[in-house]
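Chain A is already provided as a structure; the job is to place chain B on it using the hints.
Protein sequences, first through last, are from chains A and B. Using this note's numbering, read the first sequence as starting at 1 and increasing by one per residue. Using this note's numbering, read the second sequence as starting at 329 and increasing by one per residue.
In case anyone wonders, no lab produced these hints; they're calculated from the structure. We treat Cβ as the ideally placed atom computed from N, Cα and C, and that holds for glycine. Don't take each hint at face value.
[Unchecked claim] Some chain B residues close to chain A (C-beta under 7 Å, calculated; not the full set):
#, residue
1, Val357
2, Arg361
3, Lys365
4, Thr367
5, Gly437
6, Val438
7, Asp440
8, Arg441
9, Arg443
10, Ser444
11, Leu445
12, Pro446
13, Ile447
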Amino acid sequence: MTELSIEAVGLVKNFGQTRALRGVDLAVRKGTVHAVLGPNGAGKTTAVRILATLLRPDSGTAHVNGFDVLRQPGKVRECVGLTGQFASVDEGLTGTQNLVMIGQLLDLPKREAQARAAELLEWFDLTEAAGRVAKNYSGGMRRRLDLAASLVGRPAVIFLDEPTTGLDPAKREDMWDVVRSLISDGSTVLLTTQYLEEADELADEITVIDHGQVIANDTPNGLKHQIGGQRLTVRPADLSREEDLRDILTRVSLRAPENDGRGTLTVPVESDAVLPDVLVSLRDAGIVTEEFSLHLPSLDEVFFTLTGTRSLGDSAESVSADKAEVAA
Amino acid sequence: MTAVAFDAQPTGTRARRPPQVRLLHNSLVLAKRNLIKLTRTPEQLIDVTLQPIIFLLLFYYVFGGALGGGSGSSRHDYLEFLLPGILGQTIAMSSISIGQNMNEDIEKGVFDRFRSLPIGRAVPLVGAVFAEFFRYLTVCVITVGFGYILGFRIETDFLALLAAVGLTICFALSFAWVSVWIGMKMRTAGSVQGVMMLLVLPLSFASSTYVRASTMPGWLQAFVKVNPISQVVGAVRGLLIGGPVAADVGWTFVWIGGLLLVFFPLALRAYVRRT
Chain A
1 MTELSIEAVG LVKNFGQTRA LRGVDLAVRK GTVHAVLGPN GAGKTTAVRI
51 LATLLRPDSG TAHVNGFDVL RQPGKVRECV GLTGQFASVD EGLTGTQNLV
101 MIGQLLDLPK REAQARAAEL LEWFDLTEAA GRVAKNYSGG MRRRLDLAAS
151 LVGRPAVIFL DEPTTGLDPA KREDMWDVVR SLISDGSTVL LTTQYLEEAD
201 ELADEITVID HGQVIANDTP NGLKHQIGGQ RLTVRPADLS REEDLRDILT
251 RVSLRAPEND GRGTLTVPVE SDAVLPDVLV SLRDAGIVTE EFSLHLPSLD
301 EVFFTLTGTR SLGDSAESVS ADKAEVAA
Chain B
329 MTAVAFDAQP TGTRARRPPQ VRLLHNSLVL AKRNLIKLTR TPEQLIDVTL
379 QPIIFLLLFY YVFGGALGGG SGSSRHDYLE FLLPGILGQT IAMSSISIGQ
429 NMNEDIEKGV FDRFRSLPIG RAVPLVGAVF AEFFRYLTVC VITVGFGYIL
479 GFRIETDFLA LLAAVGLTIC FALSFAWVSV WIGMKMRTAG SVQGVMMLLV
529 LPLSFASSTY VRASTMPGWL QAFVKVNPIS QVVGAVRGLL IGGPVAADVG
579 WTFVWIGGLL LVFFPLALRA YVRRT
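In isolation and in its complexed conformation, chain A is listed as follows (with noise of 0.2 Å):
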């Protein structure tokens, strides 16, 4: 049996009257990065606050690298690490004094403290930043800092509360790498998102949430698999080849495109392996594309395939209603 991390069973965490968590389990392997998908709202910021000892469950068992979150929160806070979806540094401080700060109260004397501060502000890109006052840096600079600050101790196992919202596309890749590494390194990370994108890219294993319960638990290919794999976008640029492009996208994909009202076709297909016959079908037809994509499906996507509320061949109007609903 591989050792587990992270186990929680049946959390449960009600505000008034709330309900932000309705009985969840997780399991996270030692050594791996398990991504807890899910849109606004579907609480997991409150398990990962629960995990990380901030928040009391109202009921449910979890434990982190062995020790019981509501039996030995001491235990639990000395080998886990927290970036917070807002980033937790002291504005009023510099980098470096931030770091060290952290690394005093975890017992480091005074020049290990500034030799570990000063090896994390290099790793994170920011030792010309570092005696300038955290206040003045940039959204992505800031978010460094705080996984900085998150590592000082050389944790065990590291949460990170949507490390990359926000962020723009470069600097979300250079998290990813951040990411990557530390897991290479032998920590255990819990990460949460938005984006089924980041989960795919990082993830040993994805559990999707949404209004407080785990609605799906596998690995990226597997939840890939329930939920179809890629889709494929298509604008033709004359827009009234609209029926002879959704013919020839019905017949690669077995299923009706789904039109955003606007002309452009979104079908789901099993591999990137339809391409060709994609390519070539268009170009018989003589039908010039505006855009042509392949891409993972979004959350929104993602949960009308596995909460099943609507198809998605649904007109678009039903769409936005389901948009209405998850953002709910």
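Relative to the frame of chain A, chain B by itself:
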């Protein structure tokens, strides 16, 4: 970004200090955090620098003549009486800011970081109160120093001055917990100030700060006698200009202990419950 060695060794291997030493050490680390922030915003020191000077000047020149009896020399007598009072009043007033600052500070993400670290729950609060030591020391230096310019002279000795300053700061540090508690309870920094003013104004005026209790009606005298500010001011008066001090010093220590026993746990509980 360059990759560096990142060995995820267990954190438990570090040398462990006894818990009390850790609590003290960690609190000092966070006191330093507050002091660094204070040096970046020196305007936060107005209430402990300009305020006692302005109060000294106002009361000395505006009320000194009337309260001292009309002649120039009795204005000086009033200064001897007034200066310990201003000290007591200023430490009460300057306790307001810690509650306000903590109220704002706790909403910031860095408190999530503190909560997720293996440090005592009380550490962020104790650290903030420790940092107040320097503000209260400033109050003492400025008030006594400026008093000297106006003509105030210590009638006792240097040791008595140190004792007076020490007692004042000890009392201020325990009174600060009232402010911290209110800072944890209130939803906005503005309401912390409002509530603290309601508390501090009667405490500092309905006391022996500006005039002798014997000039007040009997029911008020009863309050003035148990008012902790009266007792601190009485003790400082005795220590700086001579006279009996034992009773006032004793009662001040009782208040210091009492305030800590009641408001430290209250503040800590309010902090832990606030998420």
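A quick look at each hint next to the structure:
{"no.": "1", "hint": "Val357", "result": "holds, 5 Å"}
{"no.": "2", "hint": "Arg361", "result": "holds, 6 Å"}
{"no.": "3", "hint": "Lys365", "result": "holds, 4 Å"}
{"no.": "4", "hint": "Thr367", "result": "violated, 10 Å"}
{"no.": "5", "hint": "Gly437", "result": "holds, 3 Å"}
{"no.": "6", "hint": "Val438", "result": "holds, 4 Å"}
{"no.": "7", "hint": "Asp440", "result": "holds, 5 Å"}
{"no.": "8", "hint": "Arg441", "result": "holds, 4 Å"}
{"no.": "9", "hint": "Arg443", "result": "holds, 5 Å"}
{"no.": "10", "hint": "Ser444", "result": "holds, 4 Å"}
{"no.": "11", "hint": "Leu445", "result": "holds, 5 Å"}
{"no.": "12", "hint": "Pro446", "result": "holds, 4 Å"}
{"no.": "13", "hint": "Ile447", "result": "holds, 5 Å"}
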